[in-house]
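Engineer: The primary structure of each chain is shown beneath.
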Amino acid sequence: MGDAIAFYTLAAFILGFAILVISTRDTVHSILFLVLDFLFVAALYVLLGAEFVAVIQVLVYAGGIVVLYLFVVMLVNLKRPPEVYQDPNRRTRMGYALAGAVLVELAAIATWGYVTPPPPAAAPSAMPVTGNTEQVGWLLYTSYLIPFEVASMLLLVAMIGAIVLAKREL
Amino acid sequence: MFDTDELVLNMGPQHPSTHGVLRVVLRLDGEKVVDADVVIGYLHRGIEKLSENRSWTQIILLTDRMDYVAAATSNVGYCETVEKLMQLEVPRRARYVRTILCELQRIASHCLWVGTHAMDIGAMTVFLYAFRERELILDLFEDFCGARLTYNSMRIGGLPLDIPPGWDKKVLEFCRIMDSKLDEYEALLTHNRIWLERTRGIGVIDGEDAAGLGLCGPALRGSGIARDVRKDEPYAAYDELEFDIPLGAAGDTYDRYLVRMEEFRQSLRIIRQATEGIPEGPIVGKVPRLIKPAAGETYHAIESPKGELGFFIVSDGKSTNPYRFRVRPPSFCNLQGLRRLVRGHLVADVVALIGSLDIVLGEVDR
Amino acid sequence: MVDNFVIPLLQIVIVLNATLVGVTYMVLLERKVIAWAQSRLGPMRVGPYGILQPIADVIKLMIKEDITPARADRWVFTAAPIIAVVPAFIVYAVIPFGETAHLFGRTITLYITDINVGLLYIVSVASVGVYGIILAGYSSNSKYPLLASLRASAQLISYEVAVTLTLVSVILMAGSLSMVSIVHAQRDAGFWFAFVQPIAFGIFLVGGLAETNRAPFDLPEAEQELTGGFHTEYSGMRFALFFLAEYANMIVVSSVATTLFLGGWLRPFPNVAALAFLDVIPDWTWFLAKSFVFLYVFIWVRATLPRYRYDQLMRLGWKFLIPLAIVNLVVTGFVKVLAG
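Protein chains in written order, with this note's numbering: chain A, 13 to 182; chain B, 29 to 394; chain C, 1104 to 1443.
Don't read these hints as lab results, they were simulated from the structure.
The structure displayed is predicted, hence computed values, not measured ones.
Take the hints with a grain of salt, since some may be wrong.
[Claimed, not checked] Beyond 10 Å from chain B on every Cβ pair, some chain C residues (computed):
#	residue
1	Ile1137
2	Gly1153
3	Val1396
4	Ile1425
[Unchecked claim] Computed from the model, here is a short list of chain B residues facing chain C with C-beta under 10 Å:
#	residue
5	Glu59
6	Met147
7	Trp195
8	Ile222
9	Trp223
[Said to hold, decoys possible] Derived DSS-like pairs (lysine-lysine); straight-line CA-CA distance at most 27 Å:
#	chain 1	residue 1	chain 2	residue 2
10	B	Lys320	B	Lys77
11	C	Lys1246	B	Lys60
12	C	Lys1246	C	Lys1167
13	B	Lys77	B	Lys112
14	A	Lys179	C	Lys1246
15	A	Lys179	C	Lys1422
In this text, a Cβ means the ideal position worked out from N, Cα and C, and glycines have one as well.
Same shape as in the complex, but just chain A:
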């Protein structure tokens, strides 16, 4: 009972802020609503018992990535009004079209689903550790080791690319 109340409240906030993200005029306000969104999603993770993921969500997403979004927005002066398009309604119409396409896609997946039903979820293999953090770590380094290494390669490439782009002289 308490769980349900908590979940629906959080969900309402999350959706509300998400709508504010795209509907507000000021870019910085939009980013701030996004931060709030992330914080509430972290609360949702806590509700699910995944406290490690919740804290990492705050640390990495809200505290790192969005800070960099904010830097970029502030350094690029966005106070200038957008240029006048030939057709001022073009963006709205494109938005509706894309939203319609996504909706159709979702409906198709819901109706026809998989060609073959997915195999029943394998019982989690007995892990020698308990506790959310430990289990995440165990899975990451045993079952999902290769995706983990690939992800770190990706981050390394991104870092090197950023440095090469931003440096004036090497």
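Knowing the structure of chain A, use the given hints to seat chains B and C on it.
Structural biologist: What follows is chains B and C alone, placed relative to chain A:
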């Protein structure tokens, strides 16, 4: 890749670290200084023009207010210039006391310099320590002539008062205290890693360029040029005393700092010698009641704590006022180097460089 | 009911009030200590030896006129100091001041809660605190505070990396993320982690100075800087909140350093039976004493050292501290694995 405009940033005239009313208009590319335009004149009081309507003795009061940090030095410089013009003989005792007072001023001025320079770079404790020692010197001056900042402590031909009894003991006591305090300042700054990073390689100027720009004093000696008026053209009692002139090598802010720190110690050496060897005798020479030099002109320079302080006076022989009184202030000439020194450095270095040149706006603007 | 609601509420109230009083008196402590280092006395007039000075300061700040710049973003301008202050205070939820106390027949823990990702919680909350600085500079609607705030926040997020890496070394030693478990690990091991992780300790202290914008890393808020700093346009209580946040962060860094490296509430030599007579001293006094030592060191460093230029500061963080922290982490990992 990206085109950026130059940013024009105005520093001063009211600013916590320009040591007075100095205005520096910086042109920045990002954070690097591309050019600096130094604007002075905010403290101009017309001292040179005023002197044309003052008698020769009254001008001593005006010279106090030029370099108000080391006022007795300006007094001595002016009096010696007039004595040179009038070919007056200054008694030995007066010359010794003048030397002691000048060197005490050098220490007081350098105390203020080290305190404000360190505070601009962030070491705020040195400021209070240095001013604590400066207070001791100001007490000595108060004993001697009654004033702490603008002394009016010289007269043409000598001094107005003899030193009070026991004053020389107090001076020697001060020298003893100052020695240990100098070690305190050095312990806080000289080998401090942050201090080294903030001052080494900042504002490098080599000897030839420095001499070409007209720099003088520790700013010139920091670049390795051995020019000190006390050695090259001795005045007062300097030809009878032993001392060394510290020289720098690299010409950066750190070397100028080291030069001035060593000058502290050399000044203490001079003061000790002079105090222990004060000759007896009159304190003022044979001076006519009305000072009226014959027509003529002369230039005489002394080594003030900031550099070569020169006075050029023209007398027309008829009136009791000078015809022209011109000062060659060391701070004015050193300030010309600021534009050259800041190029290529960051904004945070500009305050370090202004401090390293050790300027007093009273002298720059007169 | 009482145990689940009233007692935690009381704990929260006590901790919040103690922190507020502590932060206010930190201001006085700093002024006094710096004054004594500089051969002078500090505040002496208000109350005996200046003890009531912080109260005078608080009253002054509260009755000051609240000015909002005309074209500033009002919501963000108001929110920025709050965003700066709140993370500094909610971190106290996981900091253990002691083990337990026995009052009125109940056993009360001397920490508000002990979540099993306590250390990560602290780091993540601290990273949210950066927003206060960025938004303060932005909402002032003026070029120089904006640039100053971006510089200050860039400094903060750079040193966060180094600090977090040292925390990972400590987690490796303790085998747990929970703050209480880390202290227990130090008790079971018999030594404070500062002795086995001196490099991590050093990096944590330097990084802690940089994280709280304290000297020698305080160029973004130094008076000699040309740009007025991110809090130029703030006055009165909002300005007070920023300084509250800075001092609260200082106390947080000291508390975390105490818990992780100096054994938290443990007395010196906790396993030596010969010193058991020291157990009459309550454990939270050890905690407070150790934190106080750190706070004193912070103030001492401010009085003594000159400040780094911004590029030198960033170079120190990225080119020296982070590689050192990574090497420390790798070596710790190796030793842990080899020693079994």
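Engineer: Now look at each hint and say whether the structure bears it out.
Structural biologist: Hint check:
1. For Ile1137 of chain C, the non-interface assignment is contradicted: its Cβ lies about 8 Å from the closest Cβ of chain B, within the 10 Å cut-off.
2. The Cβ of Gly1153 of chain C sits about 18 Å from the closest Cβ of chain B, beyond the 10 Å cut-off, so the non-interface label holds.
3. Its beta-carbon lying about 20 Å from the closest one in chain B, Val1396 of chain C satisfies the requirement of being farther than 10 Å from that chain.
4. Interface exclusion of Ile1425 of chain C from chain B stands, the closest Cβ pair being 19 Å apart, more than 10 Å.
5. At about 8 Å, the closest approach between the beta carbon of Glu59 of chain B and any beta carbon in chain C falls short of 10 Å, and the interface hint on this residue holds.
6. A least Cβ separation of about 8 Å between Met147 of chain B and chain C falls short of the 10 Å threshold, and the interface hint therefore holds.
7. For Trp195 of chain B, the shortest C-beta to C-beta distance to chain C is roughly 25 Å, which exceeds 10 Å, and the interface hint is violated.
8. Here the hint on Ile222 of chain B is kept, as its CB sits about 5 Å from the closest CB of chain C, short of 10 Å.
9. Hint status for Trp223 of chain B: holds, given a least beta-carbon distance of 5 Å to chain C, under 10 Å.
10. A C-alpha spacing of about 19 Å is found between Lys320 of chain B and Lys77 of chain B, which places the hinted pair at or below 27 Å, so the restraint holds.
11. Taking the CA atoms of Lys1246 of chain C and Lys60 of chain B, the gap is about 17 Å. The hint holds against a cut of 27 Å.
12. Restraint check: the Cα-Cα separation between Lys1246 of chain C and Lys1167 of chain C comes to about 25 Å, which is no more than 27 Å; the hinted pair holds.
13. This hinted pair checks out: Lys77 of chain B and Lys112 of chain B have alpha carbons roughly 22 Å apart, not beyond 27 Å.
14. The straight-line distance between the Cα atoms of Lys179 of chain A and Lys1246 of chain C is roughly 24 Å, inside the 27 Å bound, and the hint therefore holds.
15. Between Lys179 of chain A and Lys1422 of chain C the CA atoms are separated by roughly 16 Å; this keeps the pair inside 27 Å, and the hint holds.
In summary, the structure is inconsistent with hints 1 and 7 from the numbered list given earlier, while agreeing with the others.
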